[in-house]
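This is what each chain is made of:
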Amino acid sequence: MAENEVIETEEQQEFDPTMCDEICAKYQDWPGATIPVLQETQDAYGYLFPELVERIADDMNMSPHQIYGVITFYAQFYTKPRGKYIIRVCRGTACHVQGSGRISEIVKEEFGIGDGETTADVKFTLEEVSCIGACGMSPVIMINNSTYGNLKPEDARKIFKDYASLPDEG
Amino acid sequence: MNDYIVDHVEVHVCMGTAGVASGAKEVMIALDEEFEKHGLKNAESKERNCEAKQTGCRGLCARDVLIDVYIPGAEKSITYEHVTAEMVPTIVEEHIVGGNVVEKWAAKKDYFQFYDKQKRYVLADCGRVDPEDLADYVKHGGYEAIKKALTMTPEEVIDEVKASGLRGRGGGGFPTGLKWTFCRGAKTDDHKYLICNADEGDPGAFMDRSIIEGNPHAVIEGMLIAGYAIGCDEGYIYCRAEYPLAIERVIMAIKDAEEAGYLGKGVFGTDYNFKLKLKAGAGAFVCGEETALIASIEGERGMPRPRPPFPAIKGLWDKPSNVNNVETFANLPNIILKGSDWYANIGTEKSKGTKIFALSGKIKSSGLVEVPMGITVRELLFDVGGGIPKKRKFKAVQLGGPSGGCLTPDHLETPIDYDSLIAAGAMMGSGGVVVMDETNCMVNVAQFFLTFTQRESCGKCIPCRIGTKTMLDILDRITTGKGREGDIELLQKVGEDIKTSSLCGLGQTAPNPVLTTIKYFRHEYEAHIHDKKCPARECAELIDFVVVNERCKKCGLCKKACPVDAITWEKKEFAVIDNEKCVKCRECIVNCPFNAID
Ligand SMILES: Cc1cc2nc3c(=O)[nH]c(=O)nc-3n(C[C@H](O)[C@H](O)[C@H](O)COP(=O)(O)O)c2cc1C
Ligand code: SF4
Ligand code: SF4
Ligand code: FES
Ligand code: FES
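Residue numbers (our numbering), protein chains in the order written: chain G, 1 to 170; chain H, 1 to 598.
Keep in mind the hints are simulated off the structure, nothing from the lab. Please read all numbers here as calculations on a predicted model, not as lab measurements. Hints may be right or wrong, so weigh each one.
Stated by the list, open to error - Below, in silico cross-link-like pairs of lysine-lysine (DSS-like), each with a Cα-Cα straight-line distance of 25 angstroms or less: (1) G:108 - H:139; (2) H:460 - H:314; (3) H:553 - G:152; (4) G:161 - H:584; (5) G:158 - H:559; (6) G:152 - H:187; (7) H:553 - G:161; (8) H:104 - H:119; (9) G:161 - H:519; (10) H:390 - G:152; (11) G:26 - H:499; (12) G:152 - H:560; (13) G:152 - H:364; (14) H:277 - G:152; (15) H:560 - G:158; (16) G:108 - H:390; (17) H:364 - H:117; (18) G:26 - H:277; (19) H:139 - G:158; (20) G:158 - H:581; (21) H:460 - G:152.
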């Protein structure tokens with residue numbers, strides 16, 4: 001069993017593997033289930049930390065190496081914690097032509113994070129994405145599930161400041 | 001939209017992605033509350049029963065929230081644009097109860113102009129049926145085409161599709177009927193798979209998303225027809241993970257269709273079995289390529305595989321498989337129901353039917369349009385799209401996304417069909433149309449697309465991985481004023497190398513945006529390299545940020561736009577930029593109506 005092989009360290013993450021086991025069990029008879037399993041476990045645990053990946057590998061009868069091969073290939077798998085608010089700046093063509101590059105710069109100015117980075121307080125993550133399908137209101141950003149369109153750069157800054165001033169409960 | 005007959009008041013609310021983002025849910029709630037208040041939610045009586053119904057994107061997202069009011073016996077429906085929840089009580093009170101249209105909010109001529117030259121067949125029901133209601137689709141003729149197909153032999157169905165002239169809408173334009181014969185003829189011991197490509201990677205296009213969100217059952221019906229014709233018993237819809245609403249609706253539609261007996265064992269009581277599953281992607285553009293997509297469904301890294309063997313012979317889990325695009329499938333019900341003759345009458349000799357385009361960029365009516373093949377670039381951009389905003393000049397249009405190329409004002413009369421576009425150096429691609437005006441720098445556009453393909457290269461082929469990086473480095477130096485003599489020729493050479501020696505379409509087409517912009521806008525590259533100037537004033541490093549007094553009309557709009565107060569201006573004075581304070585954000589340039597800042 002993997003548990004015996006891993007050397008316990010300070011950073012070792014304590015986690016309850018129940019959800020992971022359940023998800024893997026659900027996909028037992030699915031051919032090619034790696035991607036949906038990773039998607040669901042990531043949704044359940046937030047991100048794919050090493051102990052979780054070990055567990056998935058175990059449950060799925062695969063080597064962690066194989067699983068990491070898949071994780072690193074796809075942009076939507078994360079091996080680091082992500083912010084409470086995910087800022088998605090659309091960098092699709094329509095938004096680019098309407099100046100979305102400037103909005104990414106403003107995120108950098110406000111929070112000091114670039115594409116794929118997370119603030120130290122784990123509050124914000126910036127993700128530059130391709131077309132989110134709302135080109136008619138470009139430039140567009142999403143913060144978690146809310147979409148904001150027709151953004152002037154300074155409107156965007158104001159929205160970011162509003163989120164930054166939200167209280168930190170939960 | 002007047003062939004839609006109602007027997008009670010229906011208010012259709014656009015709940016596409018942009019609709020929801022603009023507050024469509026709140027509008028729905030407000031409508032329900034107002035109906036309740038006026039006692040108009042009485043299912044017993046047709047006169048006193050008003051229904052607020054959600055519909056999919058109708059293409060003019062810039063005007064969301066859009067609603068249509070259908071009143072029985074009324075001459076036509078009334079559309080309101082930019083509706084907010086606050087406007088709803090007035091609309092219900094004055095229009096629905098009082099019978100007087102609220103003219104100030106009703107859509108005007110320019111709204112209808114957008115639809116005038118369109119031919120909406122694939123999108124006919126998007127914006128009309130409730131995508132989450134199977135019964136509503138059936139009420140509008142849904143699942144009649146598969147029933148008809150099931151009375152034909154599979155060969156007859158293939159012949160009908162061949163005769164229609166339908167070509168794949170996923171970019172390549174391969175004849176659909178012919179493709180099916182390969183997979184139909186392939187040998188297998190057990191399964192054959194049918195795959196719907198809903199990965200829609202072109203970063204400025206959302207046709208497939210709108211079809212799925214607006215009318216998921218049409219895609220399922222198209223797949224049922226194809227599966228029957230080819231002899232597939234299992235299907236997958238591979239959808240981009242970035243499209244959560246589309247995924248949600250497909251899952252719901254599959255479930256409803258299964259429960260109704262339209263999917264699964266014994267479709268419509270025949271001995272045709274067809275099982276359908278959804279697979280969500282995980283964020284890799286290259287997975288839109290069919291062999292990479294197959295690898296991804298198998299749970300692997302989504303890397304393209306060499307062809308042959310083609311998927312028709314050895315595809316998903318090494319079984320014969322047929323991959324088609326969402327829009328290709330969505331064309332099928334009409335072809336079967338109305339016949340190949342009807343279909344072949346639309347379009348040009350070699351490009352039949354209609355094509356959906358996503359118009360975006362510097363165009364008045366950006367959005368989703370469906371037009372007959374063969375429409376000219378001018379008609380598409382100026383008649384349907386309404387032309388360029390802010391009285392600016394049309395400079396170029398990019399077709400086919402990161403694989404495509406650009407066309408110039410000289411190409412305005414070019415007909416839009418597969419072959420004419422290729423002859424002009426662009427391509428149909430999936431249907432992204434990005435319009436640029438005089439303030440867009442073509443070197444910057446080329447750099448933008450290459451940044452995208454470079455990042456998305458799967459890395460398997462060295463020319464694709466390293467070559468695109470080399471090209472990008474050259475573009476980076478050109479746009480920052482460090483361009484060298486001979487850079488243009490170097491770009492062309494590396495570009496040609498990548499095109500000829502990459503395995504998949506990503507590498508083979510990645511240099512196109514650079515090569516076509518060099519072909520048509522060479523002078524702009526030269527200005528960057530020789531004069532260290534960006535004529536469109538988009539490349540910040542090459543702009544001086546000084547107000548040119550000859551052009552400055554003293555309006556002060558730049559001062560208002562500047563976020564760091566770097567501009568001084570008084571009434572009747574020229575504006576002056578303090579270059580110490582300026583952060584080169586370009587806001588003043590964007591906002592100056594007179595192009596007075598160099
Ligand atoms: C890099 C790359 C990306 C592609 N992306 C898509 C896509 O997003 N959607 C699509 O339908 N086809 C895409 N294709 C084309 C597919 O490989 C395939 O040709 C198509 O799905 C076939 O369907 P059709 O015959 O109905 O057009 C892509 C091809 C390449 C090389
Ligand atoms: S051409 Fe590029 S994307 Fe395609 S297989 Fe080769 S490296 Fe991968
Ligand atoms: S570029 Fe930006 S910071 Fe500089 S003057 Fe113009 S608006 Fe102000
Ligand atoms: S390009 Fe940004 S929403 Fe389409
Ligand atoms: S989402 Fe409403 S018209 Fe497109």
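Where does the structure disagree with the numbered hints, that is, which hint numbers, in rising order? As far as the earlier hints go, 1, 6, 7, 8, 9, 11, 14, 16, 19 and 21 are violated by this structure, in ascending order.
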